[in-house]
Every structure is written in C-alpha cells, then in structure tokens.
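A.B. asks: Keeping their order, the protein sequence lines are chains A and B. Under the working numbering, the first residue of the first sequence carries the number 59, and numbering increases by one thereafter. Under the working numbering, the first residue of the second sequence carries the number 835, and numbering increases by one thereafter.
If you are wondering where the hints come from, they were derived from the structure by calculation, not from laboratory data. Ideal placement from N, C-alpha and C gives every residue a C-beta, glycine not left out. It is possible that part of the hints are untrue.
Cross-link-like lysine-lysine pairs, in silico, DSS-like; alpha carbons within 25 Å at most [stated by the list, open to error]:
| hint | chain 1 | residue 1 | chain 2 | residue 2 |
| --- | --- | --- | --- | --- |
| 1 | B | K869 | A | K358 |
| 2 | B | K865 | B | K877 |
| 3 | A | K228 | A | K72 |
| 4 | A | K81 | A | K106 |
| 5 | A | K430 | B | K869 |
| 6 | A | K72 | A | K488 |
Here chain A is said to cover these stretches of chain B; the calculated rule only asks that three of the stretch's residues, wherever they fall, bring their Cβ under 8 Å from a Cβ of chain A [unchecked claim]:
| hint | stretch |
| --- | --- |
| 7 | 866-875 |
| 8 | 899-912 |
| 9 | 924-935 |
| 10 | 947-955 |
Next come the chains, spelled out residue by residue.
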Amino acid sequence: MSNLDFYIRFGVHKEREILNEMKGYISGLCIPCHILSYTQDPTIAAIKYVEKPYFIDPMTYIYATHDFPKYLAKKESEDGKKQIKFKPSIQKLTIDLNLVDHFESNSYTPLTPATFTDDFTNSLAKSSVDLQLSKANNGKESAYKRYSALLNIAEGKEMNDQISADISPKFVVSPYFYFKNALDPWFQVNIRLYNSAKVQAEGFNTVPFIMTDTEALTKSLIDSYDSEVILLWLTDFDPKSASGADKQIEKLTKLKEFIEYAASENKKIIDVYGSYYSIVLAKTGGMAGICNGVLHGESKSKDATIGGGAPPVRYYVRKLHSFLSVLNATSVLRSPEGQSLLDTECKECVSLIDNEVANLDRFEDNPYLAQKHFIHARICEIDFVENHELEDIVSDMESHASSFNTNFGVTIGTDIYSAISNWVRVLTKK
Amino acid sequence: MEKVKLTEKHIEDEIFKNLCHEFPAIKRQVKLHMKRVDVAYAKKSKTVALEIKISDWKSALQQAWTNKLACHESYVVLWHEYAHRADRELFVTAGVGLMVVDSDYSLRLELSPSRKHELHPSIHKNFRKIIMA
C-alpha cells in the first residue's frame, strides 16, 4: 500500500460490489452523512461488506448554502395545510442532527454565522459527533440481520459476535461550512465547531474539514488547526480547467505552496476531491491523501447539488490523467497516433479489454468495468508518482499531453493539453 | 409568409424532410452511446451521419469525427452564411466531410469525407440496426 491514502467517496449503493472487489487497492471510504442517515441499513451493511477504515463527511455545509431552497419541498399535511420540509435524505440528516425544531421555528431559513451562539455551536458539534460515532454502531444489529446473506453472517453466535464488534470511523470530522477567507465570519464558526467537536469526541481523533476557495490557503489557515490531519475541499478550483491560464496558475501554485507548508508543519492534507495534480503534490510537498467518487469528477463546486445518482460511464485515460467518453477513447486508442496512450503497463486495465482496444465498447453497457478500470488506473498513477522523480513525472505528463494535442487537438479539443501544461508550468517553477 | 427563426432544430427538420424521399432508411437523433447523431441514413450498403450546426463548426467537427466509428461517411452540415468560416484543412485531416445548407434547405457537398473508414464493427452494427428498424 502506498504512502498516499486513497479514499473512495461512497455514492450509490450498487457501488458496494466494486468497492468490495477493489478493497485491497484502496485505503478506505468516505461516507456522506446524509446517505448514512437516509439509508441507514444498506450503508452500514456496505461499511461492513467493504471492511475498510472509513470516515463520515458531516455534510453540514448544505444548511448555509445560498441556494438552500433547492433542498426544500412543500408537502401537504393530513389537515390539508402546506408544510415545508427538507427533501427526504436531508430531512433524515436534519432529524439526526437535532435541527428540525430550529428550522421549523425559523421558517426554514439558512443558517448564518449569527445563528452560532455557544449553545447552538456546541449542540450541533455534539449531534454531529454522536451521529458519526454511534449511528453505525447502534444500527449494526438491524443492518446485519437485514443483509445477513450479503455479509455472509450466520444467525446465532456468529451474528452476535459481529454485532458486538466495533465499527467506529477512523476519525471524527468536525461539522463545517464554506468560508471565503479568514475574514469571513464563517471561518470563526468553523474553528469553534472544530474545538467543540474535539471536546464532544472525548479524545477520539477529530479532524477539521476546510471548505474554502484557493485565496484562503495561507500559512495562518494551517496554523489555526492543531489536528495532524486536515480534510480540504477547494470549491473554486478545478485542476482540469483550461480557461484563464494566469488565474489557474495562481490557484495551482497556491495549493502547491499550501501543501508544502502543511508538510513542513507535519500536517497531513487529504484532498477530498483530488485529481492527478494532487497525487503529484504528494511528491513535491506532502499531500497525504486524496478522495474520489468512482467515475465522478475530480473537483466540486460549492453550488453542486447533492444527489443525482450514478455518474455517466466514462473511460479514464491514465496517460492523459483525464476522462474521455467511451467513443472518444475508442477512436483515440484505436488510431495509430493514439496507440501509445493505451495503458499497457497496467495489466489489470489491459485485461479488462482482453488486450484489444475494440473491446472498450463493452464499458458502455457495463459501468462496473469502467469503475474497476478507473480504480486500477488511479492506483497506477499513485504508484508511478511514488516510484519516479519529479522530473520524470513531469516529462511523462508533458509528452503524452503534447502528443495528444498534436494528433487530437482538433477532433477532441485542446482543454486536456492546456490543463496539463498549466500543471507542468507550476510543478517545474523554481 | 411567416418568417421562421433559424434554429438547428428547424434546419434538421427541413433536411430530414428532403432526405426522406431519397433514403427511406433514415432516422434523426439516433442514439450513439451517450450522444445523439442529428440525422443518419443508409445509402445502399453505406451508413451516413450528419451533424448539423448553424455556425459552430469546431464542435460539429469533433462530434462528426466520433461518428466515424459508426458510419462509413460522416459529415458536418453548416448554414450557408457561416460555412466559409470552417477550416477545410482540418476537415481533411479529420477525414470528415462538409455539406452546406442553402437558403432553400438543399444540401451542397463541399468536401467529401475520407474514403478510409474507421468503422468499429459492433458500434457500426448496432447503429445501422437502429437506422434500419
């Protein structure tokens, strides 16, 4: 197993099969809290089925987003009155966080920094910590009995033994909200929530979750948290963005310097929506981990709506560190100019297509293959970075992107090349 | 006569109407994996695909290039007022043909697609099946 932790963000329940099959390759799972709240039994069963360390994303930021109304729904009660409620999964989370009374008495308006009195802060931190530490453990019996066939647990002593075994998360994550920079009042709310969560967790390892923009990535931000591990979600940063080169270079540089400083302070940053660029930062600075959904994008805006089901099937071309549609990948990899982009070094990836590019077609009807391929490809990326010098890593990404641009810039577009060129500029800057 | 707003949908309607007489095995918005091909038809044993745009020849070229996996002949179709903007050399490189739609919605061939087809056997077979259905 590599030094860089590779977590998979749990998305839809049918992913548990791929996660179970690939568990030897991943470090653990990130479970979004609303999924645990809404589908308690299957989520707990999935945690048990995959049997890897996990942590829970508290998902509290949604209660303060500017497009908060999208999580609300009007329902008619038995007496015919219209009632506002959250959509089902968020409603379950709201119940688990003991926030229903608050929202009902405040007409379902979003939280603001002013909401966070000491009592409210401590109450939310306590509810979130309790949920993370108790939900899975308390729900084990029901989940294991319902999914006994999947989990292959026999009734009787074996079931009792399994139910009595602890399945606590690897660490507790403090509730969090988006802040723009250190002057944003939400920043102090996050600090207070983290400090309170630490107390509520009573010695259980507690990790802060920073959800911010690249402009906030300063040394003092790192110094604000005493935790060894920090989860990071940069909401204004898409490492694959090809527009506005100067601005993009600035963001890439800020992230690189932030990670370097964190490493110098012995802090481990886990990029919650990481790309290959973040993997390379394990080499240059000390990125400690990345997290990806299976086939999901490698960045996430703060305005992205949660939910929506499984992502479309795409083929990850490791040598371009990018997803292509199955059709485009087939066209590229079948052509004489694109053959060198086929990942022949990854034996598992090649075996998924029986060593024949024409078989890529089978991915379209079988997302399972595309998911498996992506996880193998990501592991190969991590191994490649670990086993090569920065100079070789940069030269590898530069040469493949450049060849791709020469041969397919017209027919597929230049965005991949532009994005990787930006990475190269930042990674080679002295 | 009522003036119709020029949209890709309208151009597609008119082209489809015209081609229907000549090619009975013709379909529009044909599913090809996760995308749709605007118009596709069988011309004897060959399969032809059209990507129709008013002026955005670059994205049409990218889509038409992908269609080559499913079709013997892949064309971009552009509205006559903007067709001059398309870089013909890039079409030749990509092996994609170019047709121009005139104001009476007739199609004029500007560039033939590459004769060397890049058909993917099973993708082509499935695509052809949809057109012939």
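A.B. asks: Within a Cα-Cα threshold of 25 Å, do A/K81 and A/K106 meet the stated pairing?
C.D. replies: 12 Å, holds
A.B. asks: Go check the stretch 866-875 of chain B versus chain A for me, would you? Three or more residues, Cβ under 8 Å, otherwise it fails.
C.D. replies: With 4 residues closer than 8 Å to chain A, the stretch 866-875 of chain B meets the three-residue bar; holds.
A.B. asks: So if I understand the rule, the pair passes when the alpha-carbon distance is 25 Å or less; does A/K228 with A/K72 pass?
C.D. replies: 23 Å, holds
A.B. asks: Is the Cα-Cα distance between A/K72 and A/K488 25 Å or less?
C.D. replies: Judged against 25 Å, a Cα distance of about 46 Å means the pair is violated.
A.B. asks: Can you confirm whether the C-alpha distance between B/K865 and B/K877 stays at or below 25 Å?
C.D. replies: Measuring from Cα to Cα gives roughly 19 Å; hence the hint holds.
A.B. asks: Is it true that the CA of B/K869 sits at most 25 Å from the CA of A/K358?
C.D. replies: 24 Å, holds
A.B. asks: Using C-beta distances, would you say chain A covers the stretch 924-935 of chain B, given that this needs three or more residues below 8 Å?
C.D. replies: holds (count 3)
A.B. asks: Just to make sure I understand the rule, a stretch counts as covered if three or more of its residues have a C-beta closer than 8 Å to a C-beta of the chain. Does the stretch 947-955 of chain B meet that for chain A?
C.D. replies: Contact hint for the stretch 947-955 of chain B vs chain A: holds, 3 residues under 8 Å.
A.B. asks: Please work out if A/K430 and B/K869 have their alpha carbons no farther apart than 25 Å.
C.D. replies: At roughly 23 Å apart (the allowed maximum being 25 Å), B/K869 and A/K430 satisfy the hint.
A.B. asks: Do three or more residues of the stretch 899-912 of chain B come closer than 8 Å to chain A, measuring C-beta to C-beta?
C.D. replies: holds (count 4)
In this structure, only the earlier hint numbered 6 is contradicted, and the remaining ones agree with it.
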